[in-house]
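Participant: As they're listed, the protein sequences go chains A and B. Numbering follows this note's numbering, in which position 34 of the first sequence is assigned residue number 34; successive positions increment by one, without gaps. Numbering follows this note's numbering, in which position 184 of the second sequence is assigned residue number 184; successive positions increment by one, without gaps.
Hints are computed from structural coordinates only; laboratory data are not their basis. C-beta atoms are modelled at their ideal positions from N, C-alpha and C, and glycine is treated no differently. Nothing false has been slipped in among the hints.
A few chain B residues that face chain A, going by a derived Cβ cut-off under 7 Å, partial list only:
1. Y190
2. V191
3. V196
4. A197
5. A204
6. V207
7. N208
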Amino acid sequence: MGDLLEVRDLSLNFGGITALQDVSVSVAEGETLAVIGPNGSGKTSLFNCVTGIYRPTAGGVAFRSESVLGRTPDAITRLGIARTFQNLRLFHNMSVLDNLMVGRHLHFRKNFLTALLRARGEEIRHRRRCEEIIEFLNLEPVRKSRVADCPYGVQKRVELGRALATEPRLLLLDEPVSGLTQEEKDESAYWIHEIRGRFGITVLLVEHDLRVASRLADRMVALDHGVKIAEGTPAEVQRHPEVIKAYLGE
Amino acid sequence: MDLVESYAQDLRFARKSFTRALLGLVLLAVVAFPWVAPDYMVFIATLVALYSIGVMGQNILIGYTGQISFGQAGFLAIGAFAFGHLRIWGAPFLLALVGAGTVAALAGILVGFPSLRLKGPYLAIATLGFGVAVYQIFVNWEVLSGGRSGLAIAKLKPMLGLSPVRYEYYVYVLLLAGFTLATYNLVSSYVGRAFVAIRDADIAAEVNGVNLTRYKLLSFAISSFYTGVHGALYAQVLGHIEPQIFNILESITLFVAVIIGGVASIEGSILGALFVILVPKVFSNFREMVPVVYGVTILLVLIFEPLGLFGRWLKTRLYFQLWPFR
Ligand SMILES: Nc1ncnc2c1ncn2[C@@H]1O[C@H](COP(=O)(O)OP(=O)(O)O)[C@@H](O)[C@H]1O
Ligand SMILES: [Mg+2]
Numbered sequence: 001m002g003d004l005l006e007v008r009d010l011s012l013n014f015g016g017i018t019a020l021q022d023v024s025v026s027v028a029e030g031e032t033l034a035v036i037g038p039n040g041s042g043k044t045s046l047f048n049c050v051t052g053i054y055r056p057t058a059g060g061v062a063f064r065s066e067s068v069l070g071r072t073p074d075a076i077t078r079l080g081i082a083r084t085f086q087n088l089r090l091f092h093n094m095s096v097l098d099n100l101m102v103g104r105h106l107h108f109r110k111n112f113l114t115a116l117l118r119a120r121g122e123e124i125r126h127r128r129r130c131e132e133i134i135e136f137l138n139l140e141p142v143r144k145s146r147v148a149d150c151p152y153g154v155q156k157r158v159e160l161g162r163a164l165a166t167e168p169r170l171l172l173l174d175e176p177v178s179g180l181t182q183e184e185k186d187e188s189a190y191w192i193h194e195i196r197g198r199f200g201i202t203v204l205l206v207e208h209d210l211r212v213a214s215r216l217a218d219r220m221v222a223l224d225h226g227v228k229i230a231e232g233t234p235a236e237v238q239r240h241p242e243v244i245k246a247y248l249g250e
Numbered sequence: 001m002d003l004v005e006s007y008a009q010d011l012r013f014a015r016k017s018f019t020r021a022l023l024g025l026v027l028l029a030v031v032a033f034p035w036v037a038p039d040y041m042v043f044i045a046t047l048v049a050l051y052s053i054g055v056m057g058q059n060i061l062i063g064y065t066g067q068i069s070f071g072q073a074g075f076l077a078i079g080a081f082a083f084g085h086l087r088i089w090g091a092p093f094l095l096a097l098v099g100a101g102t103v104a105a106l107a108g109i110l111v112g113f114p115s116l117r118l119k120g121p122y123l124a125i126a127t128l129g130f131g132v133a134v135y136q137i138f139v140n141w142e143v144l145s146g147g148r149s150g151l152a153i154a155k156l157k158p159m160l161g162l163s164p165v166r167y168e169y170y171v172y173v174l175l176l177a178g179f180t181l182a183t184y185n186l187v188s189s190y191v192g193r194a195f196v197a198i199r200d201a202d203i204a205a206e207v208n209g210v211n212l213t214r215y216k217l218l219s220f221a222i223s224s225f226y227t228g229v230h231g232a233l234y235a236q237v238l239g240h241i242e243p244q245i246f247n248i249l250e251s252i253t254l255f256v257a258v259i260i261g262g263v264a265s266i267e268g269s270i271l272g273a274l275f276v277i278l279v280p281k282v283f284s285n286f287r288e289m290v291p292v293v294y295g296v297t298i299l300l301v302l303i304f305e306p307l308g309l310f311g312r313w314l315k316t317r318l319y320f321q322l323w324p325f326r
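Using the sequences provided together with the hints, build the complete structure.
Facilitator: Laid out in structure tokens, this is it:
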């Protein structure tokens, strides 16, 4: 109890397909938990249930002891959960900076009249927060570039920055290093580590790359075919016979 | 080339003298126009000004929010008739204008509801249905439309000793300037970013705290407000309205203007309005050719210049800015 995020007996079906079955996961404040598992094991579906994109068939999700089920994604974000997507979902025609500014949306003091009359106070206040994130993620040279024109590695960082801009307490990262070069992977691992140290954000991370996952995570949960097959320290989970079987079977 | 490296530098570069000089020239031309051009051209310019407002509204919806509406004629009619009745009941021009926009905005919110579920062609058909329904209602409900004789609207009383045509021109251009400024501010505010976010990636917008229901409906409301005002201003210049004016062709015209002028561009909206007003005038002897011209132009735009007329202009400008180093 008292965990930041509690997922209890979560099940999700699509017609005949069972994406998740009785999955329970809890994330304590301040820790980094990695969810691993072969492709199609239900990792992304778990994130989608937590962020309100999918509605689970059964089970519960509570954030700070409050149920998030039935809330819209934006309401869940307002509670303090942010995420990135496995296949990037960026605002392609906006600049890097504007993508981050959308992340600030929920913190804006909203007044339609000031929007029409160009009251810049709020803009400048939030722009300052975005600049901090831009500096942290080394995005300065591209801040005004259209996101669609940026290389993949930069786009991944923009998405991370956008999630940080919402000032979450819990950050869900869906395969944050997939598709990156080895060098970029190392950099990203450093940033993810720093996010926890510098901003005090709890991280729940889905990662296919076991090396990166075990380097970042305090604890690990393994899924296979929508079922939780192991939980424990990274070393324990990776030694677990079911996990080895699932990864070999892939 | 964008070599700006820091925030402070960026702010310093924000003042673009070229744009300013150009804006000054445009303003001068707009003010001087009715004194050098014949009355019928001033009248056409007045039409362009009022159409620009409607096209901007349509662009907020299509270009910025990525929602489609083929029911704009419905909002035009609602705005025009609301304005007509308000004027007949004695409301002053500006008040009747705001009233017309507000009634249209409320209708826009209603029409926006399908957009929460439907996308692309399905939404297009739903909104098309709305336009047709409004048309039928006005045609068949004489209390609203004034029956066979329509609604007559009193002309504006010119002030400052101006001729009626010039006076109307200045009033409309001033209104357009106001709407243009408000639109600029809107699209660069948190509201405009939320709209574009919905257009580019709706799920990501939601996950970043943008309430889809609220902002889609808001976009419909704002866009319909503009269209309602367009309808009202149109009613005012015509002096007499009947439901047949607001047929489906008007919806298509506004759509064409957005695509040809430039999707998600405010300047483009004005260019698009200019296009859809001028083409029927130029082809006035071959009216049946107008849809053909629209169709061919849209094809050409989509193939060669997806950013519309405004995109063409941007490229031309870039060409001249880089001119000696080209
Ligand atoms: N929207 C959907 N419709 C139908 N099936 C889905 C949908 N989303 C996920 N699934 C199915 O759920 C299972 C788990 O997918 P996913 O959560 O994406 O796995 P992972 O992220 O671990 O690779 C897969 O069998 C996938 O086909
Ligand atoms: Mg996945």
